[in-house]
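All chains should be modelled from the sequences, with the hints used to inform the complete structure.
Number of protein chains: 6
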Amino acid sequence: MSELTARPSGRAPDALRALRFTRRFTKHAEGSVLVAMGDTQVLCTASVVDKVPPHKKGSGEGWVTAEYGMLPRSTHTRSDREAARGKQSGRTQEIQRLIGRSLRAVVDLKKLGERTLHIDCDVLQADGGTRCASICGAYVAVADAVSWLVREGALVETPLVDSVAAVSVGVYQGQPVLDLDYLEDSACDTDMNVVMTGSGGIVEVQGTAEGVAFSRTTLEALLDLATAGIAQISAEQVRTLGQP
Amino acid sequence: MSELTARPSGRAPDALRALRFTRRFTKHAEGSVLVAMGDTQVLCTASVVDKVPPHKKGSGEGWVTAEYGMLPRSTHTRSDREAARGKQSGRTQEIQRLIGRSLRAVVDLKKLGERTLHIDCDVLQADGGTRCASICGAYVAVADAVSWLVREGALVETPLVDSVAAVSVGVYQGQPVLDLDYLEDSACDTDMNVVMTGSGGIVEVQGTAEGVAFSRTTLEALLDLATAGIAQISAEQVRTLGQP
Amino acid sequence: MSELTARPSGRAPDALRALRFTRRFTKHAEGSVLVAMGDTQVLCTASVVDKVPPHKKGSGEGWVTAEYGMLPRSTHTRSDREAARGKQSGRTQEIQRLIGRSLRAVVDLKKLGERTLHIDCDVLQADGGTRCASICGAYVAVADAVSWLVREGALVETPLVDSVAAVSVGVYQGQPVLDLDYLEDSACDTDMNVVMTGSGGIVEVQGTAEGVAFSRTTLEALLDLATAGIAQISAEQVRTLGQP
Amino acid sequence: MSELTARPSGRAPDALRALRFTRRFTKHAEGSVLVAMGDTQVLCTASVVDKVPPHKKGSGEGWVTAEYGMLPRSTHTRSDREAARGKQSGRTQEIQRLIGRSLRAVVDLKKLGERTLHIDCDVLQADGGTRCASICGAYVAVADAVSWLVREGALVETPLVDSVAAVSVGVYQGQPVLDLDYLEDSACDTDMNVVMTGSGGIVEVQGTAEGVAFSRTTLEALLDLATAGIAQISAEQVRTLGQP
Amino acid sequence: MSELTARPSGRAPDALRALRFTRRFTKHAEGSVLVAMGDTQVLCTASVVDKVPPHKKGSGEGWVTAEYGMLPRSTHTRSDREAARGKQSGRTQEIQRLIGRSLRAVVDLKKLGERTLHIDCDVLQADGGTRCASICGAYVAVADAVSWLVREGALVETPLVDSVAAVSVGVYQGQPVLDLDYLEDSACDTDMNVVMTGSGGIVEVQGTAEGVAFSRTTLEALLDLATAGIAQISAEQVRTLGQP
Amino acid sequence: MSELTARPSGRAPDALRALRFTRRFTKHAEGSVLVAMGDTQVLCTASVVDKVPPHKKGSGEGWVTAEYGMLPRSTHTRSDREAARGKQSGRTQEIQRLIGRSLRAVVDLKKLGERTLHIDCDVLQADGGTRCASICGAYVAVADAVSWLVREGALVETPLVDSVAAVSVGVYQGQPVLDLDYLEDSACDTDMNVVMTGSGGIVEVQGTAEGVAFSRTTLEALLDLATAGIAQISAEQVRTLGQP
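For the record, the sequence lines run as chains A, B, C, D, E and F.
According to my numbering, the first sequence is numbered sequentially starting from 1.
According to my numbering, the second sequence is numbered sequentially starting from 1.
According to my numbering, the third sequence is numbered sequentially starting from 1.
According to my numbering, the fourth sequence is numbered sequentially starting from 1.
According to my numbering, the fifth sequence is numbered sequentially starting from 1.
According to my numbering, the sixth sequence is numbered sequentially starting from 1.
Simulated from the structure, these hints should not be mistaken for laboratory data.
The model shown is predicted, which means the values in this text are computed figures rather than measured ones.
Hints are not guaranteed to be accurate.
Quick partial rundown of chain F residues pointing at chain E, CB under 7 Å, derived from the structure [said to hold, decoys possible]:
(1) R85
(2) Q93
(3) Y182
(4) L183
(5) T197
(6) V203
(7) G207
Ideal placement from N, C-alpha and C gives every residue a C-beta, glycine not left out.
Here is the structure:
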């Protein structure tokens, strides 16, 4: 790729930020993971709740849902606390719906049985890509919560049919780059979030051009970058979960 | 494409539903368009408002924003009225943010000057694809509102830099199809909304697999279908706006 | 009546605006009527819902309720969307309570059985008299919904005991006039909404003098005008419903 | 009138309940009146506030507005507290809008100057007719607040152009009766609230037949009763305000 | 104590304001008491409600809960109506939680049986110490409601295990004083509310130094004052309840 | 003290839990501290905001305010997210008001100048005593934010007049104990939170007996325990802040 554009971080266009999963970050949740993608840090918990939403009652199937929030000073300048304002922003709702769909794509709800996996993703520190980091961390938390269910004898086999991860890609100063940080995110024209399974299936593609429309060629280049990036993240998820 | 699968409507996989724009549907708004994509009918108005949101004050630039709603009985069974429930759902907010971004992609905010184009998309009758129909109709309403501004002497040249349209595509019974109606939408695995400009640039791609993840090949086939469909819609927008 | 005052529309003091009911305006609702009283256009739907509010549970009786809304740009200048503001205004609640009471006056709730007729009146275009138009249109929508229930075999006989209609009257430039449009409504001192049954019974009288108090003589003149106007509207409702 | 029907209270059909105004009931408000109409007791305060709503800013005119509430246990069984539920009911809003309109009918807003008279009517004990009692008491409180403004030298002449009072009338067991108490109110078919000035002008007429529609003859009988009743209330207002 | 500081009211440092309980102030509630501590007047009602909150269902135990509100013009200048603003302030919630805890300290919930005593404290006129007056009045109202339950045969013995009362104390111009009125409350550094039972047990102590921190010695002096003051209030509660 | 009662943690009655402050826990806030009191972990940030609330505008004085929240799964079982429910609980508001008052007691608002220190306390893991831990951590975060203001040249001298810390005390199985953890907190009769300055002044005392009232003797014993505990915490705050 081009040597002309330097990313603010000095990373190569196809380089991920440092990725780290800290499992059992807090003690009460069945799954609790602090995920760091560079300076973005999200606490992801997966809670096992013994009831399901109305549309699943009596179905024998379970549910997976997610909520998302940013601590008021996770950002460069302080943002309003959504609980104090009395409502969640459209952005928050959009993100938590995305996290929920992404995780449901890899959970067999029949095998889960009539219970809910309630995911909470709370951003402690934001530096771009919080929704993607949330999905990556939520998967590890869900995997831990599912292992707990198996260990407790509540499930005989795992309802997880695959792993799932997400990454952002975008065009920064004319060049497609992987895993945007805040500086790149603020300056880039095209921004795309891609969610894929560990086996390479696409779960969600959300590409946006707030400024100038982009070409099919650009879209393809971004998808290539994302595919490679997600493969690396998936491998790290496997490695993390392989540890005791 | 495959002859094996019949669409409920009998349409060919790459066939749009009947598309009709009725301009000046109501008399107060600067732009007022009833758009029908098959049985989906959305009233789109564009209102010229002489103020801008705080982040644009004193900038000399304007703003384009959108709100979306469904009449309670636009759907098969009655839905709650959001005004009565006291809040807009996450889905509503997601859609109105999408409409706003899509229209901003074709409006030069500097040329618009310090005023707001406020778009309202209200679904009178729903049969799938309401967000795409909203974008298609909103563009025609905005074009009419902009012409009104020029006619009134408030603008010397149009701030529109392109047209914009949207269509849904999805995989129905294993086959990629264009412009899903409600029956297809409820039954399909993969659902994608594509927003493009009249000159073929991509503004937004939102593909979702709530069930099974999909392949890159499927993604490409869906994008091909959408590109062809949007070209037809763009042509119809031009034709409509060419009439007095 | 006096020849001195010309109404803005040129109508005679006792002349209604053009009245038109378009039945089956949308396809999902059991009753769906677009009513036009001059330039005021309201979409009235009647939905059959198979449950009743708590105070009717187990009573064997049904319920009739109504909700009302104005599309944000149904008015001369854009109004806030109530769903976005997060609450319905006092005016909206007052109107929807009035519509509900008016329709309940002509429905035998015992004969309706334990189900709800949920009326939605959404103003597409406003030019004065939206609450009266809503009541007139709602009656036609309810009649169609009731016919549907009979046709489906859910009811053996109609629970409708009469028809109901409404009209506004007021004093414009010293002269009592029938069916105020927006220009008259904004300028008039006394404003009265009258709801009556087809057989001439009074269901609701709401007369207001925000400016100067009015005399009993004026009240009588306004009631005479309203009685004659409602007789014409009732006849048109019968005519409309007589068509297939 | 008929001797056949006994009112629960034993009153004659045209008899008011005992009416009592207690001025200066609380010490902070510029006008503070406890009004008792039989067992209905409402605390009405009029507060002078040195600002006006946006639509009056810079107009040189003032404003009169009202709020209404019921203490949770003013009623037979405890009602929810509106502040705890987080919103005012439709009924509450309807009533406070009525009180505001009624008082504005007798205040010359120009003479009031750019200030607001903010009326609060809080029901301490309810036994029917709380909105009418509120209007009667609010007038006395407003008169006291206006006298305070004159005494303080803020106004040189009173902006009050008339007095205003209200009473309910209805058909109880086939007979028109004046000033309904709770037992009559719950049992009656037709209910009408009439607001008139001291000089006999009509400010507001609100007649409702939730059950069976009523005739013009009944309407006239009810208006006659109300007119006589309001004359008595107006006289009592004059008497009360004549005391130091 | 020091003769140097004069309290605005001329009271001695350890003197309570005039205290008066008016029982049966309104007629619907099972207990209804107007309590006056000087110019602070609070209407306290205790309602017997035949259900319990979810955490008590099926437990055989009852519950005691409280709500608090200030009439908008109970204060020197008009405050917003919480029902109109759509939420209770933090201060309101803090106070009503305190009243509830204070009363639960003297009610045996087992003996109360599965019903709720719902206390409402509404401030008609405020002059400092409204939360303490509310607790004092609420106890008398609860005692009356409990007597009603016994009289009706719903309870065989009283669930009241003690009486409860509250008073404020504070440091005004360097001197500890009892039962602060508004002038003292606004000017004092340290403010403490003490809730005690009739037999002298401490139920709640809430001392606050918004300005300068205070010493343990001051704390002890304030507790001594409060203890003596509450003993007088308790005696008055006994006296009041001893009357028929 | 008695040897008879063993605390669940095995601690002596007067022993604090392990206390640890981690400064600069996140990177954006001017002060950011993770405080751990045993298993209770709270992220406290202090943000410098260049505006003040209305009552301080133009006064030359600054303000200190606080918000508090618990992550949904900081607790043993998942709690609702307040942002999703749309309002903060009474408990949350009570706690954040307490934190604000406590910090204001040690900040000279004049010296702070017209800016706000906005404190956010978010509980990552709860094991009792979260409000006290919040106050302890908030002080360290505020001290760091103030140092930043001095370092940046915005302030020439510190507006901090003292340090502040808090601890809970209570009666567990008849014995007064210091720094309650969750097991003790759930089981104890009397619970008291004490806030004191580093120099030993009392800022706030909040003692509650939801069950049985407690004696003055118990109160004194609890205050002694709290005083000793806070002295240790204050020393640790000094030690922490002494490090670079």
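Practice task
Verify the interface restraint on Q93/F: the C-beta must sit less than 7 Å from at least one C-beta of chain E.
Solution key: Given a least distance of 3 Å, the restraint on Q93/F holds.
Practice task
Let me know if the C-beta of V203/F comes in closer than 7 Å to any C-beta of chain E, holds or violated.
Solution key: Given a least distance of 5 Å, the restraint on V203/F holds.
Problem - Interface restraint verdict for R85/F against chain E (beta-carbon cut-off 7 Å) - result: violated (12 Å)
Exercise for the section: With chain E as the partner, please determine if Y182/F meets the hint condition of a C-beta pair closer than 7 Å. Expected result: violated (18 Å)
Exercise for the section: Answer holds if the nearest beta-carbon of chain E is closer than 7 Å to that of L183/F; otherwise answer violated. Expected result: For L183/F, the interface hint is violated, since the closest Cβ of chain E sits about 20 Å away, which is over 7 Å.
Handout entry: Status of the hint placing T197/F at chain E (closest C-beta pair under 7 Å)
Key = holds (5 Å)
Exercise for the section: May I ask you to test the interface hint for G207/F with respect to chain E, counting a Cβ-Cβ separation under 7 Å as satisfied? Expected result: holds (4 Å)
The structure shown violates the earlier hints numbered 1, 3 and 4.
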